[in-house]
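> Please model the entire structure based on the sequences and the hints provided.
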Amino acid sequence: DAKTTQPPSMDCAEGRAANLPCNHSTISGNEYVYWYRQIHSQGPQYIIHGLKNNETNEMASLIITEDRKSSTLILPHATLRDTAVYYCIAGTGTASKLTFGTGTRLQVTL
Amino acid sequence: KAGVTQTPRYLIKTRGQQVTLSCSPISGHRSVSWYQQTPGQGLQFLFEYFSETQRNKGNFPGRFSGRQFSNSRSEMNVSTLELGDSALYLCASSLDLSYNEQFFGPGTRLTVL
Numbered sequence: 195d196a197k198t199t200q201p202p203s204m205d206c207a208e209g210r211a212a213n214l215p216c217n218h219s220t221i222s223g224n225e226y227v228y229w230y231r232q233i234h235s236q237g238p239q240y241i242i243h244g245l246k247n248n249e250t251n252e253m254a255s256l257i258i259t260e261d262r263k264s265s266t267l268i269l270p271h272a273t274l275r276d277t278a279v280y281y282c283i284a285g286t287g288t289a290s291k292l293t294f295g296t297g298t299r300l301q302v303t304l
Numbered sequence: 266k267a268g269v270t271q272t273p274r275y276l277i278k279t280r281g282q283q284v285t286l287s288c289s290p291i292s293g294h295r296s297v298s299w300y301q302q303t304p305g306q307g308l309q310f311l312f313e314y315f316s317e318t319q320r321n322k323g324n325f326p327g328r329f330s331g332r333q334f335s336n337s338r339s340e341m342n343v344s345t346l347e348l349g350d351s352a353l354y355l356c357a358s359s360l361d362l363s364y365n366e367q368f369f370g371p372g373t374r375l376t377v378l
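Protein chains in written order, with the numbering used here: chain B, 195 to 304; chain U, 266 to 378.
Take these hints with a grain of salt, some might be off.
As the list claims (entries may be wrong) - Far from chain B, by Cβ distances over 10 Å, these chain U residues were calculated:
1) A267
2) L276
3) G281
4) V284
5) S287
6) R338
7) E347
8) L375
As the list claims (entries may be wrong) - Within a straight-line C-alpha distance of at most 20 Å, the following computed SDA-like cross-link-like pairs (lysine to any residue) qualify:
9) B:K263 - B:T199
10) U:K278 - U:P326
11) U:K278 - U:F329
12) B:K246 - B:S222
13) B:K246 - B:I268
14) U:K278 - U:S330
15) B:K263 - B:P202
16) B:K197 - U:G307
17) B:K197 - B:L245
18) B:K197 - U:Q309
19) U:K322 - U:G307
20) U:K322 - U:F334
21) U:K278 - U:T376
22) B:K197 - U:G305
23) U:K322 - B:F294
24) B:K197 - B:K246
25) B:K197 - U:Q302
26) B:K197 - B:T266
27) B:K197 - U:G323
28) U:K278 - U:Q302
29) B:K263 - B:T293
30) B:K197 - U:N324
31) U:K322 - B:T293
32) B:K197 - U:N365
33) U:K322 - U:R332
34) U:K322 - U:Q309
35) B:K197 - B:S222
36) B:K246 - U:N365
37) B:K263 - B:N248
38) U:K322 - B:G295
39) U:K278 - U:R328
40) B:K197 - U:Q306
Since the hints were derived computationally from the structure, they do not count as laboratory data.
Note that beta-carbon positions come from the ideal geometry of N, C-alpha and C, so glycine has one too.
Right, here's the structure in full:
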């Protein structure tokens, strides 16, 4: 599975968009990009995933660059409840083979 | 629809003992995965079960084992506990092996003294 690089921490004001970057320069053609988040003391929560095209769901948008070497998770209107560690993962096959890195700790403030 | 449930939520054991953790997946989900989360190593994949068969295994010693029952419920067992086994053990379920979205349970916090 491809290795991903994320900034260790980010801050965002409540109500603003949170843009979380992820670098996966060694990603191969059949590997997806997944995003999960983990709120303190809870199990990780699936957010979104994509292969080549940009994706949007009720929680977030995923923007993948054309060369697929990086992506951005966008939370359009961050709230205090979005404070969490966000994991970007690149992988194939079963979801169980996903390798969780250290993630980005997003702090949403008033 | 009920989420993934794990029991017990908290557990304290001493070195050398063994422990069994239980996971009930979301109804209809047939794949169950287990993860260990520690501050130092982060979230690491232990194993995955589907149709009562272990399909994938992470890089953990043989003291870590698991099984899945016909109703998709799963258990994991750790024998001869070591201090380093203190961790949050997370279970995740998905519809099947090829489904991309995993649903995690709240975890079992194991403390080894």
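> Output the numbers, in ascending order, of every earlier hint that fails for this structure.
Those not satisfied: there are none.
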